[in-house]
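Residue numbers (the working numbering), protein chains in the order written: chain Y, 2 to 393; chain Z, 2 to 393.
The hints are simulated quantities; they were obtained by calculation from the structure and are not laboratory data.
There may be inaccurate statements among the hints.
Each pair may be met inside one copy or between any two copies, as identical chains are not told apart.
As the list claims (entries may be wrong) - The calculated DSS-like cross-link candidates involving lysine-lysine, where the alpha carbons are at most 30 Å apart (straight line), are:
#1 Lys96 to Lys119
#2 Lys380 to Lys16
#3 Lys63 to Lys321
These figures come from a predicted structure and were not determined experimentally.
Number of protein chains: 2
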Amino acid sequence: MIAPERIQDYHIKWKHLQDAMHKSGTDGCLVASGINLFYLTGVFYSGYCYLPAEGEPWFFVKRPNGLDGDHVVYIRKPEQLPELFQEKGIPLPGKLMLEADELTYTEYTRLQNALQPKETMNATTLLRLVRRVKTPWEIEQIRLCARQHEAVYAEIPSCYRRGMTDLQLQFEIERRMRLHGSLGLFRAFGPNMDIFMGSILAGENAEAPSPFDFALGGAGMNASCPLGANGTLLTDGMAVMVDMAGNYSPYMTDMTRVYSVGTLSDDAYRAHQVSIHIHDEIARVARPGTACADLYNLSLRIATDEGLAPNFMGTKQQAKFVGHGVGLQINELPVLTPRSKEVLEEHMVFALEPKFVLPGIGAVGIENTYLVTSQGVEKLTNAPEEVIRLDA
Amino acid sequence: MIAPERIQDYHIKWKHLQDAMHKSGTDGCLVASGINLFYLTGVFYSGYCYLPAEGEPWFFVKRPNGLDGDHVVYIRKPEQLPELFQEKGIPLPGKLMLEADELTYTEYTRLQNALQPKETMNATTLLRLVRRVKTPWEIEQIRLCARQHEAVYAEIPSCYRRGMTDLQLQFEIERRMRLHGSLGLFRAFGPNMDIFMGSILAGENAEAPSPFDFALGGAGMNASCPLGANGTLLTDGMAVMVDMAGNYSPYMTDMTRVYSVGTLSDDAYRAHQVSIHIHDEIARVARPGTACADLYNLSLRIATDEGLAPNFMGTKQQAKFVGHGVGLQINELPVLTPRSKEVLEEHMVFALEPKFVLPGIGAVGIENTYLVTSQGVEKLTNAPEEVIRLDA
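Let's have the full structure, built from the sequences with the hints guiding it.
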């Protein structure tokens, strides 16, 4: 079932998860969400993966037909699990991990009733912690993604035509993305995080508050998905913030750049430089052991010193984070918030996005994705960082 | 909070849900999923909508900032609900409905702990039943969607260039979709139903089984989303089935048409005609009161009589339904399955998609969306139904 050339990568992941399970004294972890099944197997299937605290995982598959390999067992419904465990000689877990933040109440309780563990714990929490630290193959996938992300951003000025709306610009960028291999699907963790291919914000729309937990808002093109571009006509003096998805491999990158129609006000260029300065300062201090809260506080302090606190991460509604992990989902751990207890570890990958909203103009500031190395951080998304004129 | 010109529509929905609540003897329904909040309010927000068995609903909003109107109450966390209920004079529900198939285990149990009802029931089940029957405004939205869906399909032949892959054709159709107002986001009910903008199947890829619960499969462009087009080069004698999303309003239509490169084998044209014949037969018999199981069985009987049972709804993996409700999500109720207990009701909207997979050639058959009227059904998606040559 698992591609032979990938097996080493999955051994690393299983070991990492088992180490974490030992610390919490659990007997096994049963995964049923598509994203975690893919994380643990490289295959997107309907069914379950059971990882015992010791030994190899078992793959219980409902669909698709035709998967084979060691430890692959076809199953119709979760109520068959106890008899299949018995048949295969897998001890029933007393203390079981289930994905409490990913499975619906119905799915979770059905698995609980089927397996009757003495105790259940939250596999989502544990998997999100494990997934923070990327394996060599995952890092390679992220690097491949970054190359395409950069190539598409290089084409953005050629997507612009005078008289366009933000949506028309976005449609053209979406096309370039797909031609460069964008997988389309843009996965986020948690409920109500709807987004399509990313976000473009221009002019007043940058201030529009959104229900979602993304860094900035925007009214969107319809009330059914209130985020991002809303049909704003791109006119002189407007900042156009492009934060389109880096989904060119299953492992994503996150990158924001700012474009302008004509020139912007001096304040806008200054605020943009402050964002770049925050990046430089964070890249200077961040390394394994750095507290994520310190990185947020450093960003806010620089913004405040520059008189930009009222514009930092929004105006009418301000996000309380300045960065986040990226991987299979766009909002992984760690999160750079003032109250975070997390510290950076080698091979974490996070996006940093200190942004400023300027009423009437739009949003400025950049976002890059960084890999935490043994000594510091490495910038993975390399593209010109100054504001680029679309109508040059 | 609710647009004044829409208030009548929401009164119909609340009344319909309250009638259903009375039948099950519940005191109130607390909705927290984005999709059901949008259904009940027309606003996508983070928070809750509480509909008591009698009277008007209450809107508890976390985000976005700035919503106002009668019965709008800002809230930070669900634990505040009891004190806010008391403050507003809302009786605490003894028998409470929560969305057991939409909320995660953590969200559901947190609401349960906050409100301490004597009993909880499944709001998802009830809302899915209520949402089957569309209001006049919803039907109007579906009609608007159908017009754009048809307009895009009329452009499909002009998207084709000789030597294209299925993905390249899809990217060009996606662009036309967006220019015609496609909202991008394509919502499905349930876990692990990942899809991006729809599906194109050509040649052998039509046989590839998928983990998802869509009618047909396809390997997809990456293991992280195994559905639909996979880079197949479009060559002579190949059927190209286009089932791209009809998401031009929040309320969707579903439509499939088949194109060819060169001419197809006689068998392929014959199977395509059988699909059209199934549509005609179902359109002739379907009306309020018709059992959904009968519609499935009628389809299968015609397919079997024509010797096409082994090709019906797949080959290596066959879907066990031939149609489904559409609305805010692409897989609503009713579902046309052999075991369905549902019967058609006036103002239900469903898609019918009898399809045949022909090894080596691709998939043939059409899909249309129908509105159940007082007397029968009305076809909402009108576009030529024969196989259309791309290289004509």
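* **Hints not upheld, ascending by number** => Those not satisfied: there are none.
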